[in-house]
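Listed below are the residues making up each chain.
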Amino acid sequence: MSVSPLSHTIFCVPHRLRRLAVVLLFVTAVWPSLGYGQTANGMINVTITGSGQGRFKMALAQPIGGDPAMASQLQELMRQNLAILPIVDLLPDAAILGGTALNAYQGDAIDFHRFQLAGANYVVTTGWPAPGTVELRIYDAFSRALLVGKQFTGLAAATLPKVADRFCGSWLESLHLSGDLFRASLAFVAAGTNRNVFAARPTGRDKRQITNLNGQCMSPAWSPDARSIAFTHLSNRYNSLGVWSGGQVRTQRYPGNLVIGPFYLASGQLVASIAVKPSPGIYLLGSNLQPAQTLVEDNSINTSPRFDRSGSRMVFVSDRYGSPQIMLRDGSGIRRLTTGGWNTDPTISPDGTMVAFTRQTGGGHRLFRIDLTTGMETQISFGPGSDEQPAFLTDSYFVAFTSSRAGAKQLYLTTKDGLEPKPLPLGGATFPAWGLTEAP
Amino acid sequence: MSVTRMLQLALLCALVLVAAVGCSKKPMTDPAGAGGGGYDPALDAARSLSESERVILDEKVYFAFDSYELNAAAQAVLQRKAQLIRSKPTLKVLIEGHCDERGTQEYNIALGNRRAQAVQRYLMNMGVPAMQLETISYGEERPAAMGHNENAWAQNRRAEFKAVWGAIQ
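Here the protein sequences line up with chains A and B, keeping their order. Numbering (the working numbering) for the first sequence: 228 to 667. Numbering (the working numbering) for the second sequence: 2 to 170.
Chain A extracted, bound-state conformation (with noise of 0.2 Å):
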């Protein structure tokens, strides 16, 4: 499979600069690559990762030309990645009057109308000019403005979730975010008698299990590297680490039968907190799982570590002040960033600008964030049920999380922001943790 740039810059548009924070920049188009005629447009580049935005309205041409079977099967991955954007409101096709089979896929052909009618804000349209190769395209429904375009050669049925993750993946870089999301997976804990450790894409695409264990597993991990998972695992008698790699699983108990939330820096050291006195530390752990240096020890609680990319930033959990409290260890020492209630589950953005973590509330756990710059708390989820275990992706925007808002607990997506989030259908699943299993 090759895939082709039907455009070299990245075309968006203001539509909905009333709840955006854009960022406005002028550029040329650029369309001679591959003969199209495209005229050039003033455009205006557009990043979404402001606070406060709302979501985009979406529509799907049916695709024109092309193998049917793989016309179809790539139209419903694109529906599957769309699905799970908390920045995409993906419209019926009911929706649309006249239906959304165009005559043309490209250019002025189009018929936009129906689409403002039906309020989108972006279409895509996709073509099979050729056996094997597919045009995507996103436009602005009301500018008619080029937004993201790419060709695909030589595809076969089995190629083609790729095409919908790199296309999508495209898309959200349009936006200034990353396209990690598509190129992601994440490892969970699935619900059941024995729960166990599976990954999948966030799509619920490549679902395979890990462990097969009795018990509970807890806590997942990924190596950088994605090729190992940490977990902890309760038995009928031992709480023991387990490290998943190359299709094994190595598990090692300590003497206080305590371990808990195994964490990888990005040099692929393992960091957990363990009972080595009788209250659990940090410690980071040797190539022999056992503890080589500690980072955190006192007579409280100290739990659940989480790095940022660098691995100068670590966020934990203490009860040294009475409550489960949100620490900071960095260079300057250990600092406290929550004051009140209960708070849990922290992660840090990998970027080390933001903590996301877990507080109880009336109504059950809800998601907040503070900025590490400014201090500042903000709520991101409002439930109903329980929110917990916040994991941030790799870039920093997109925050999986578990919640019981529609009964049994499963996992959803929601941005940094804490736009409405979407359930990931994955079935029955706690403990989200992300990992890059795939190279840009």
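The set of hints was computed from the structure by calculation and includes no laboratory data. Remember, predicted model here, so these are calculated numbers, not experimental data. In this text, a Cβ means the ideal position worked out from N, Cα and C, and glycines have one as well. Keep in mind that a hint or two might mislead.
What the hints assert, rightly or not - Facing chain B, a subset of chain A residues (Cβ under 7 Å, in silico):
1) 443
2) 466
3) 485
4) 487
5) 507
6) 528
7) 531
8) 544
9) 551
10) 585
11) 612
12) 615
As the list claims (entries may be wrong) - To spell it out: a stretch of chain B is covered by chain A in this simulated footprint if at least three of its residues, at any positions, have a beta carbon under 8 Å from a beta carbon of chain A; those stretches are:
13) 98-106
14) 111-124
Fit chain B to the given chain A structure using the hints.
Same frame as chain A, now just chain B:
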């Protein structure tokens, strides 16, 4: 052969069969002992618990929210347990710390550990040898009562006790 004679023979066969089954089950209950040269009646007697002893061992200890403090009722329960465990030198007890669902899972593992350790400390202060005690925390993973109300939560904030006859590792 008279009917009485036949009944006597049948009864004898049944007794032999029951005895054989009973004997064959004994070693199965003690795999550790089997390795030492066969069934050890003295060890089996030392390990067996009477009904009243089981009741004492099964008694649970309950805690307040986010607390590992042992109240008067918990201490009374533990005093009875201490007496039992001291009287059974081969009895080893696994102390399980549990929490209600209101916490979060990782922190509750740590809190459950605190509860199990508080119980362990109390029993040791009552003269129970450390070698007879083990701890584990299940956090909120193994609730005793289902439900999302104070009644269920109160039943789930607990320590449970299991006889572990194998060697402590």
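To see whether the hints hold, each was checked on the structure:
1. 443: 5 Å, holds
2. 466: 6 Å, holds
3. 485: 5 Å, holds
4. 487: At 5 Å from the nearest chain B Cβ, residue 487 (chain A) passes the 7 Å test, so the hint holds.
5. 507: 5 Å, holds
6. 528: Residue 528 (chain A) check passes; min Cβ-Cβ to chain B is 4 Å, inside 7 Å.
7. 531: With Cβ-Cβ at 5 Å, under 7 Å, it holds.
8. 544: 6 Å, holds
9. 551: 5 Å, holds
10. 585: Status holds, d = 5 Å.
11. 612: 10 Å, violated
12. 615: 5 Å, holds
13. 98-106: Holds, because 4 residues of the segment 98-106 of chain B bring their Cβ atoms closer than 8 Å to Cβ atoms of chain A.
14. 111-124: n = 5 at 8 Å, threshold three: holds.
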